[in-house]
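These are the residues of each chain, in order.
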Amino acid sequence: MQRLKSNPPCIPPRGEIQNPKSKIDVTHYQKLLRISTTGKSLYNITPEIATIVAESGVRTGLCTLFLRHTSASLIIQENADPDVLLDLAEFMAKLVPESAHYIHNAEGPDDMPAHIRTAITHTSEHIPINNGHLVLGTWQGIYIWEHRQRNHSRELVVHVSG
Amino acid sequence: MQRLKSNPPCIPPRGEIQNPKSKIDVTHYQKLLRISTTGKSLYNITPEIATIVAESGVRTGLCTLFLRHTSASLIIQENADPDVLLDLAEFMAKLVPESAHYIHNAEGPDDMPAHIRTAITHTSEHIPINNGHLVLGTWQGIYIWEHRQRNHSRELVVHVSG
Amino acid sequence: MQRLKSNPPCIPPRGEIQNPKSKIDVTHYQKLLRISTTGKSLYNITPEIATIVAESGVRTGLCTLFLRHTSASLIIQENADPDVLLDLAEFMAKLVPESAHYIHNAEGPDDMPAHIRTAITHTSEHIPINNGHLVLGTWQGIYIWEHRQRNHSRELVVHVSG
Chain A
35 MQRLKSNPPC IPPRGEIQNP KSKIDVTHYQ KLLRISTTGK SLYNITPEIA TIVAESGVRT
95 GLCTLFLRHT SASLIIQENA DPDVLLDLAE FMAKLVPESA HYIHNAEGPD DMPAHIRTAI
155 THTSEHIPIN NGHLVLGTWQ GIYIWEHRQR NHSRELVVHV SG
Chain B
35 MQRLKSNPPC IPPRGEIQNP KSKIDVTHYQ KLLRISTTGK SLYNITPEIA TIVAESGVRT
95 GLCTLFLRHT SASLIIQENA DPDVLLDLAE FMAKLVPESA HYIHNAEGPD DMPAHIRTAI
155 THTSEHIPIN NGHLVLGTWQ GIYIWEHRQR NHSRELVVHV SG
Chain C
35 MQRLKSNPPC IPPRGEIQNP KSKIDVTHYQ KLLRISTTGK SLYNITPEIA TIVAESGVRT
95 GLCTLFLRHT SASLIIQENA DPDVLLDLAE FMAKLVPESA HYIHNAEGPD DMPAHIRTAI
155 THTSEHIPIN NGHLVLGTWQ GIYIWEHRQR NHSRELVVHV SG
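Protein chains in written order, with our numbering: chain A, 35 to 196; chain B, 35 to 196; chain C, 35 to 196.
Rather than coming from a laboratory, the hints here were simulated on the basis of the structure. Heads up, a few of these hints could be off.
Pairs count within a copy or across copies, as identical chains cannot be separated in the list.
Unchecked claim - Below, in silico cross-link-like pairs of lysine to any residue (SDA-like), each with a Cα-Cα straight-line distance of 20 Å or less: (1) Lys128 with Gly73; (2) Lys128 with Asn185; (3) Lys128 with Asp144; (4) Lys128 with His138; (5) Lys128 with Ser75; (6) Lys128 with Ala84.
So here's chain A without its partners, still in its complex pose (with noise of 0.2 Å):
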């Protein structure tokens, strides 16, 4: 494995990166954002948490998302081209397959494989916010991967502090 060819030069912040900033007023904004799932599916919500970050009202600090499940998880993933979602799922059921011997099958074939796939993604997701907005590249989104057939009502958690 090779190391960086040369040390990365810490860059001057662009415009959007500010500078050291100290200060008195601290917020910890939270709130709890319900979703409907309709099936095994990739759900964007992206918009949602950019609304709930824009009523925090916090100019610099951090987007903690925590979704209240352990058969649905959290990532961050290309935003443009849907055949990347589809990749994803197809890729995903065949790794933990949903025909293989599970002793933990109570609420059908998809029970375990839904607990296996959160475990080898996010519980948990983070976005720095900067100048009121978060720091997502352009090809970002955040997504709520729903691993379970039947309809849920989905709990996540949106934390802004800053």
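Got chain A; can you put chains B and C on it based on the hints?
For chains B and C alone, kept in the frame of chain A given last:
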């Protein structure tokens, strides 16, 4: 992949999720937890983390867990049926087999698989705190996933901010 | 699966982990780091992150790293034996083969595998800060895992709060 059929409603926070909050008393509380592990297994550390959150006095904030190792990891998973943990372990044993060839094998056949299993799970976990309590879902527990067979003393840094 | 044989002791923090701390001087320090990558590899960025933490002046707090891309990721891994990184890369090459069929392949055979490899590793990483230093374990290094073969300039947002 489907998008949300309709925008998920920004439901007013439930009782346990509070509205915006500004404050000037800021806490960063850190504690080092040592956990003795006795072989490959998932160890439920939820009660110990809840105790530290209570000690911190933080009412609205964020709890971050950081494991100072590269051959053990963290996950948040089902806390009710222990069969889920057995199935998780079985899946991981097959996905990252100890029988495969690895260049790095100085400490035995479970050495490199432990690093890989750590890389595809989590070194840190994060749970918001509301009303003085972790906002874990009903079925969520916090686990250290020990990937090495011999006994270890693992160091977990618990950071509570609020 | 076994639970903890006995409750892990809440050992008093070691020297480098301090007791509760309240303060009113609050810092949210953000910096954008640009990192030039030259092919699929793991790039150790620990020194650059440590420098930014020192610049921030934060003594007790949290460092969050956020990578603004969906085809490169972050992991914290063994920093001593470079063979670990070789084995990690080999495992990932087999788990998410470039030779498989993907719908999304506009940018070549390493396009979709890069997205999948990102999804099962991490877009953000988080390391507490104590006594002005990252609490990384002895063997832990912070890596950007570049999953694309051609040269890229990757943007990493470093957020230090304390």
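Checked hints:
Taking the shortest alpha-carbon separations for Lys128 and Gly73, only the intra-copy value of 18 Å comes in at or below 20 Å, while the best inter-copy value is 27 Å. Proximity of Lys128 to Asn185 under the C-alpha cut-off of 20 Å is found in neither arrangement, the shortest distances being 22 Å within a copy and 31 Å between copies. Proximity of Lys128 and Asp144 under a CA criterion of 20 Å is satisfied in both settings, with 13 Å inside one chain copy and 19 Å between copies. When the C-alpha separation of Lys128 and His138 is checked against a cutoff of 20 Å, the pair qualifies both within a copy, at 19 Å, and between copies, at 17 Å.
Taking the shortest Cα distances, Lys128 and Ser75 sit within 20 Å of each other inside one copy (15 Å), while across copies they are farther apart (25 Å). Taking CA atoms no more than 20 Å apart as the test, Lys128 paired with Ala84 passes in neither setting, with 33 Å inside one copy and 37 Å between copies.
When the structure is compared with the earlier hints, violations turn up for hints 2 and 6 and for no others.
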